[in-house]
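If you're matching them up, the sequences are chains A and B in order.
One point on numbering: in my numbering, the residue at position 38 of the first sequence is 38, and numbering is uninterrupted.
To get my numbering, take the position in the second sequence, counting from 1, and add 78.
Rather than coming from a laboratory, the hints here were simulated on the basis of the structure.
Here a beta-carbon is modelled for each residue, glycine too, at the ideal position from N, C-alpha and C.
Among the hints, a few may not be true.
Unchecked claim - Listed below are several chain B residues computed to face chain A (Cβ distance under 10 Å; list not exhaustive):
hint, residue
1, K105
2, L131
3, W134
4, D141
5, S146
6, Y150
7, R222
8, Y224
9, Y225
10, M239
11, I241
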Amino acid sequence: MDDIKKYKLVDMFDKLDPALLEDLQLDKDLKRKQRWIRRLFRNGHVRIASIIASVCLLLTGTLVLIIRVRKLYRRRTV
Amino acid sequence: MRDKKIIKLLQKKDEKGLSAFSEKYEKLLTYIATGILGNNKEDVEECVNDTYLKVWNHIDEFDLDKASLKTYSSVIVRNTAINRLRKISKMKGTAQKEELTDIVADYVDYRQNVEAKMVQKENMEALQSVIRNLKKKDREMVLRRYYYFQSSKEIAFYMGMSINAVDSKLSRLRKQMKQEYDILANASL
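So here's chain A without its partners, still in its complex pose:
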């Protein structure tokens, strides 16, 4: 019963006067998220971890490529 009443309340929100929404500036949420991301990467630990992860990814990719090229080369010479 409480759920039905809760959703009736939400239903009525559909017809809310836009003037009541004027104070709620949701675009600030977007700015806040951007600031949070920037702050995260300003953290030295996060920056170092990102660099290490990128280097590892690059090395793994290079290794996989070398192995595949060698396999292909061996198949051709056999």
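Once you have looked at the hints, place chain B on chain A.
Using the frame of chain A, we list chain B on its own:
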């Protein structure tokens, strides 16, 4: 471009107005639509495009003394997203619950199962009076939750609170609003 200029261009049906409007508000509209529709990019994009069309067609109906273009656009995208969600749910049989907040998923089910009743003008005025009388932070929390369907996690992040604090505050606010609403609604009968 300032809203006044965008509005003038839209009223003249100049497409530069629509470009300027979409450039200025696309991120906000996408953010609101994503909050309701989840990460369904196609649905979100369609919802935002529908909003551009509605703003283009109905710009003259906006009472810009009451609320800004930003607010009207937010209202339109929110309602468009809710309607889109109902259509998707009807087609798929159930609401897509994985990415949605619990309240919007259940709300869609509720709306499909219960006949929508005509809301009396007095009841709406009572509700609006209750919301108007809330403290600014409380009103923000209620609108984020029950109008924009943000999850407790999102509300906690954007309002700088813990999730538990948000949940308990919302629970108290619901009770408080219900009490005040009942008093006002009964007084009008």
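Violating hint indices (sorted, rising): 2, 3, 10 and 11
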